[in-house]
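Same order as they appear, the protein sequences are chains A and B. In case it helps, my numbering puts the first sequence at residues 121 to 796. In case it helps, my numbering puts the second sequence at residues 121 to 796.
Bear in mind the hints are in silico, worked out from the structure with no lab data behind them. Be aware that one or more of the hints could be misleading.
No copy is singled out in the list; a pair is fine if it fits within one copy or between any two copies.
In the PhoX-like style, the derived pairs of lysine-lysine whose C-alpha atoms are separated by at most 25 Å in a straight line are [stated by the list, open to error]: (1) Lys358 - Lys668; (2) Lys764 - Lys749; (3) Lys750 - Lys764; (4) Lys246 - Lys306; (5) Lys330 - Lys376; (6) Lys397 - Lys449; (7) Lys331 - Lys272; (8) Lys559 - Lys548; (9) Lys764 - Lys449; (10) Lys376 - Lys141; (11) Lys711 - Lys397; (12) Lys370 - Lys330; (13) Lys765 - Lys749; (14) Lys397 - Lys548; (15) Lys397 - Lys385; (16) Lys385 - Lys275; (17) Lys606 - Lys272; (18) Lys376 - Lys331; (19) Lys765 - Lys750.
Number of protein chains: 2
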Amino acid sequence: MKTYTTPLGLRQVRVTDAFWKHEMELVRTRMIPYQWEALNDRIPGAAPSWCVHNFRAAARLQARRRAGEPWTYEVWKGTFETLPRDGEDPDQDTFYGFVFQDSDMYKWLEAVSYSLMQHPDAELEKTASEMAELVCSAQDPDGYLDTFYILKNRKGAFSNLKDHHELYCLGHLTEAAVAWHQATGKTNLLETAERFADCVAEHIGLEEGKKPGYPGHEIAEMALLRLYEETGEERFLKQCRYFLDQRGQKPHVFLKEVNLERAEKEEKPLPEEDAAKLFAYYQAHEPVRQQREAVGHAVRAMYLYSGMADLARLDGDEEMARACEELWKSTTRDKMYITGGVGGTHVGEAFSRRFDLPNDTAYSETCAAVGLVFFARRMLQMHPRSEYADVMERALINTVLAGMAMDGQSFFYVNPLEVDPEACRTDKRLNHVKHVRQKWFGCACCPPNVARLLSSLPQYAFTANGEAVYVHLYMASDAETMLGGKPLCLHVRDGWMQGRVHIDIESDGAQGDICVRLPGWCADPSWKSTKGSGTVRDGYVVFSGEWKAGDSLDLELPFSAVCLEADWRVREDAGKAAVQYGPFVMCTEEKDNGHYLHMLKITPDSLDARVEKQTIGGIELPVLQVRGKKLAQEETAALYTPWKKQPEEDTRVTMVPYFAWGNRGEGEMRVWQRTE
Amino acid sequence: MKTYTTPLGLRQVRVTDAFWKHEMELVRTRMIPYQWEALNDRIPGAAPSWCVHNFRAAARLQARRRAGEPWTYEVWKGTFETLPRDGEDPDQDTFYGFVFQDSDMYKWLEAVSYSLMQHPDAELEKTASEMAELVCSAQDPDGYLDTFYILKNRKGAFSNLKDHHELYCLGHLTEAAVAWHQATGKTNLLETAERFADCVAEHIGLEEGKKPGYPGHEIAEMALLRLYEETGEERFLKQCRYFLDQRGQKPHVFLKEVNLERAEKEEKPLPEEDAAKLFAYYQAHEPVRQQREAVGHAVRAMYLYSGMADLARLDGDEEMARACEELWKSTTRDKMYITGGVGGTHVGEAFSRRFDLPNDTAYSETCAAVGLVFFARRMLQMHPRSEYADVMERALINTVLAGMAMDGQSFFYVNPLEVDPEACRTDKRLNHVKHVRQKWFGCACCPPNVARLLSSLPQYAFTANGEAVYVHLYMASDAETMLGGKPLCLHVRDGWMQGRVHIDIESDGAQGDICVRLPGWCADPSWKSTKGSGTVRDGYVVFSGEWKAGDSLDLELPFSAVCLEADWRVREDAGKAAVQYGPFVMCTEEKDNGHYLHMLKITPDSLDARVEKQTIGGIELPVLQVRGKKLAQEETAALYTPWKKQPEEDTRVTMVPYFAWGNRGEGEMRVWQRTE
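Full structure from sequences and hints, please.
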């Protein structure tokens with residue numbers, strides 16, 4: 121029996137779900153157009169992206185070159201130093217913004233491609249097509265494609281793999297190219313990506329005369345495997361394998377880069393033994409097969425582990441799979457917020473030590489949760505176990521969705537679990553924490569990442585391998601696949617938010633397994649089908665047999681309000697509890713409960729939750745009223761007084777889904793509640 | 121009846137107290153010699169101070185000038201940029217280190233002076249005398265004295281009052297000069313200080329041609345008043361009054377400095393309305409008489425408020441006194457740790473917003489607690505109310521003493537209330553928090569500040585005004601004063617740490633009040649005397665009459681273990697309790713209670729404290745065993761699991777005085793305990 125699975129194609133799934141469709145439509149109708157404005161620097165009050173500007177500048181350079189015109193832009197003046205001053209016109213031939221700005225274009229093209237597969241749109245396709253052409257026309261003759269270096273005549277290209285994101289841009293270009301190819305059948309971007317990958321392979325590798333490098337910010341790994349899967353070209357599989365196996369090897373290529381920089385400043389070189397300490401941020405402290413603890417920049421880590429899991433699957437590489445399994449455990453068992461967010465510290469946007477999960481200073485970057493969804497889906501592809509899907513859903517629903525406001529046009533980069541607006545406004549220690557979603561970011565990695573994930577959502581709901589089809593996320597939809605060589609369609613009916621899933625099967629004799637997930641949050645699931653009661657395997661109910669029209673599956677997956685505690689080693693949550701309702705992590709907001717949320721306690725052993733529906737930002741969501749106590753906010757005689765039992769009164773504490781917080785004005789918010 | 125009082129002179133009090141004498145002797149025998157080594161850059165592994173070096177360089181310059189030799193050191197190369205590299209000899213004519221480094225010499229001289237008054241030491245006096253001479257010989261002919269600017273030929277002198285500590289150095293010089301004069305009768309340093317003050321007055325003031333400036337880092341205010349009190353010269357009173365009244369006035373002199381700097385960089389000037397926001401750090405956001413909230417750099421704030429209180433007392437200035445009173449309330453009612461530490465945030469070493477008192481990231485600089493002791497003593501001098509003495513004692517015993525290890529040779533700059541050594545070692549967010557006391561600091565403000573405070577301790581225990589003598593701190597000692605024109609000696613016997621104070625009076629008919637404090641921590645004080653039962657006024661028992669040999673006072677001030685809570689608005693302490701035993705704030709340490717202190721709870725409503733004596737670092741201290749619970753440290757099934765009542769068992773929680781923490785090896789520490 122095959123265990124590995126691949127996601128259903130986006131054209132194979134039509135989503136009709138009230139909840140998920142709403143989020144996807146937000147992306148399609150609000151976010152993608154908004155992002156387009158951002159790429160073109162047309163959002164008032166937001167930092168310009170310079171993304172389209174840079175591509176145009178590079179394309180102009182290539183055109184002049186082809187025309188044999190001279191190009192005199194020899195000296196690079198830096199990126200931010202050269203920003204045009206107020207009132208000054210930007211120089212049309214100068215690169216502006218972050219070194220990785222090209223990736224914003226690629227993420228947008230990728231999201232657009234997914235969207236087009238679900239929802240054709242000729243005008244959008246035309247715009248995207250122009251952009252794809254623009255990208256292609258910016259490429260250097262040898263395949264090199266990074267406008268930052270192209271606009272400085274390649275001076276220093278590949279010299280700073282550690283921090284200058286050329287290979288990151290290769291990765292995002294490739295993701296976009298594959299999606300664009302799938303969406304439109306056009307090969308222009310795909311060929312551009314292939315040529316850039318080949319150009320990289322000309323310069324980077326273990327062969328004589330090449331630099332034994334690899335990406336500073338990972339993503340090329342998983343992207344190259346998509347390119348391999350899309351084109352069948354083994355060289356991309358090989359290139360990915362090289363990147364992964366070379367990472368963290370000695371002599372350390374990043375240390376060499378550092379020491380070249382130091383030599384320029386006449387500083388002594390750092391010794392090889394410093395490499396591990398210095399490069400944990402990049403997950404380059406040791407060879408990836410030896411890595412066991414999730415460390416460093418959380419987004420990079422998630423992308424790396426995703427690539428590792430892909431390669432482990434494609435190569436059937438047990439050693440790599442074991443490293444993935446251990447890194448999964450470290451990530452989700454020791455270092456993940458209850459919201460599925462990862463990255464406990466803003467210092468390096470990174471994982472902190474085990475069990476260090478502060479709520480108010482949390483980083484929990486939206487992109488890192490997106491990355492955890494990627495990683496989880498890839499672990500699922502290797503081994504369909506519901507624990508992976510549980511984490512995937514946790515991160516997706518609670519943190520990825522939190523990253524975007526209900527208007528689809530403002531965003532969180534950082535997702536704290538406890539917010540005091542006054543502190544955010546005044547406290548420099550919380551500079552990274554915003555209490556209202558922002559219009560855009562200079563480093564706008566998160567919003568486009570949310571867009572590309574949400575617009576490809578069906579690929580996270582369903583995977584299959586011809587022998588079995590898996591339903592990982594419940595999502596009202598019509599999903600087609602092949603089972604035993606014959607077509608089969610799952611008509612998933614809406615109702616999961618009410619605790620009921622009904623799936624009608626449409627087929628004419630497809631033979632194989634339909635496997636539906638038993639979510640970890642459901643204490644009391646039940647099911648039946650026209651094919652009997654199935655068997656439970658790794659958290660999925662497996663229904664087997666030959667499928668005909670009229671077959672159906674029914675699951676009862678009732679939501680209930682469950683009080684959770686954190687591992688006792690999570691000091692910040694000691695004595696506190698969080699409430700989850702179905703997959704929704706709940707939070708308290710000032711809007712409902714008044715100021716000073718820390719003066720509320722909930723009653724964990726008899727929550728007695730009353731569930732109401734409330735429309736927040738245009739969508740109906742469950743809102744809980746749980747039993748608790750409200751402590752008296754009395755005048756005190758002094759700052760420190762003899763301990764006494766605080767007067768408190770019974771109250772109902774109102775809780776809304778965390779992902780929807782901050783959509784009803786400014787105010788305090790808190791996930792971990794004091795307990796009675 | 122007079123209410124204002126002044127401290128007894130250091131020669132009038134002979135300390136014999138087992139506890140206090142031990143601390144004072146640590147300073148005399150360990151710290152002062154150690155500091156001397158530090159000033160001379162002879163502490164292996166510690167950052168050099170360059171203090172003596174800089175004075176020698178300046179003195180050499182003056183000698184050359186007097187000899188008519190050329191001096192070519194025109195160009196200043198910066199301070200840290202010019203530090204000699206490894207193996208390189210320092211340039212004998214170059215200033216090194218922080219701009220305020222001169223002050224280290226002054227603090228040392230001040231501490232030595234106090235020490236000499238209590239404990240004559242010919243050799244130490246000889247060394248100090250040489251240093252006083254060195255300081256005098258470094259002075260410019262016009263009285264200017266700041267080696268940083270002297271060694272750059274005064275280029276830029278008084279141009280950056282905001283951040284370059286010339287007036288801070290004037291303040292510390294003056295404090296040292298007065299102490300040196302009192303200790304030795306020598307006027308050399310006093311004259312040097314007077315000449316520098318006069319030089320400052322030539323350049324700074326409201327008169328035509330002068331800069332309307334004032335100190336960026338306050339201290340000159342209170343120092344000038346000491347100079348006035350020592351010399352009787354009204355001009356120093358006037359100079360202080362000017363500094364205080366000019367502070368925060370518009371047009372803002374610091375803004376002018378900023379805008380001159382900006383003009384050099386061709387940046388637009390900032391408008392006047394930005395001044396308040398920019399200069400709160402310096403307490404220069406508004407005129408001092410209008411200030412009501414303690415803000416900005418905590419040490420600067422404490423020094424400013426001390427100067428204000430001195431001036432209010434000397435001028436009988438009710439408006440200034442009211443500002444002091446409000447700033448006192450803001451400091452101690454809204455922004456003070458239970459340990460008497462102030463400064464909740466390391467950002468700007470500053471006060472945070474009201475009730476923001478985080479325990480693990482606390483700043484609570486030792487110097488700020490020293491400053492709070494200064495401020496409290498001055499409030500006491502204005503109004504002898506025991507609340508001031510309570511805070512003074514709280515800061516002194518719990519934070520100032522914590523700043524110094526029991527070896528007298530290692531120090532805390534920052535005094536957190538919760539420490540996890542692993543976090544301190546690895547977490548950059550806690551860079552400022554050390555879990556072991558350090559040998560010395562590049563910016564070595566704290567250790568010398570502790571030294572000068574502890575060696576002048578009797579001045580905080582006793583104040584008098586000829587009509588009354590006040591005992592603010594209990595300290596076994598013989599203290600002489602004049603009462604009603606006749607001498608009176610208080611022989612305070614040891615025993616306060618056992619809850620008993622016996623004072624024998626020696627006098628031949630002195631007439632007036634002897635006022636002894638009823639400490640806030642004592643719930644059940646009792647007293648008697650040969651003069652009856654006295655009357656209670658503002659927290660002092662006042663015994664009046666004519667005093668003869670054989671008169672005595674007896675107080676029973678029993679220590680008890682009291683469980684305290686913080687104002688409910690202090691979010692970080694919600695649901696937690698701290699234990700105080702007499703004046704000692706207690707803490708738990710890993711050494712006694714094992715790892716994971718957050719897995720302990722104490723039982724606030726029945727602490728049932730058992731008191732033991734334990735010798736820590738050479739001194740016998742009270743150690744408590746209080747009733748509590750120990751939560752089971754069980755293996756957990758997952759990071760987040762359904763809430764359940766944690767298994768716990770009865771335990772005794774061991775608590776030691778906070779000030780003595782970290783004297784028995786590395787480990788966790790915690791002041792605020794979870795509660796049952």
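Hint check:
1. Lys358 - Lys668: Classified as neither; 42 Å inside a copy, 101 Å across copies.
2. Lys764 - Lys749: The answer is both: 16 Å in one copy and 18 Å across copies each meet 25 Å.
3. Lys750 - Lys764: Cα proximity of Lys750 and Lys764: in one copy and across copies (16 Å, 21 Å).
4. Lys246 - Lys306: Answer is within: at 12 Å inside a copy they meet the 25 Å cutoff, but 90 Å across does not.
5. Lys330 - Lys376: So Lys330 and Lys376 pass the 25 Å test inside one copy only (14 Å; across, 56 Å).
6. Lys397 - Lys449: within (22 Å within a copy, 47 Å between copies)
7. Lys331 - Lys272: Within. Shortest intra-copy distance 21 Å satisfies the 25 Å Cα cut-off; inter-copy 50 Å does not.
8. Lys559 - Lys548: Cα proximity of Lys559 and Lys548: one copy only (21 Å, versus 30 Å across).
9. Lys764 - Lys449: The answer is between: 23 Å across copies meets 25 Å, while 43 Å in one copy does not.
10. Lys376 - Lys141: So Lys376 and Lys141 fail the 25 Å test inside a copy (49 Å) and across (58 Å) alike.
11. Lys711 - Lys397: Cα proximity of Lys711 and Lys397: none, with 45 Å in one copy and 30 Å across.
12. Lys370 - Lys330: Only inside one copy: Lys370 and Lys330 sit 16 Å apart there, 64 Å across copies, limit 25 Å.
13. Lys765 - Lys749: Both: 13 Å inside a copy, 18 Å across copies.
14. Lys397 - Lys548: This pair counts as between: shortest inter-copy Cα distance 14 Å, intra-copy 28 Å.
15. Lys397 - Lys385: within (22 Å within a copy, 38 Å between copies)
16. Lys385 - Lys275: within (19 Å within a copy, 30 Å between copies)
17. Lys606 - Lys272: neither (55 Å within a copy, 89 Å between copies)
18. Lys376 - Lys331: Close inside one copy (10 Å), not across copies (53 Å); limit 25 Å.
19. Lys765 - Lys750: both (13 Å within a copy, 21 Å between copies)
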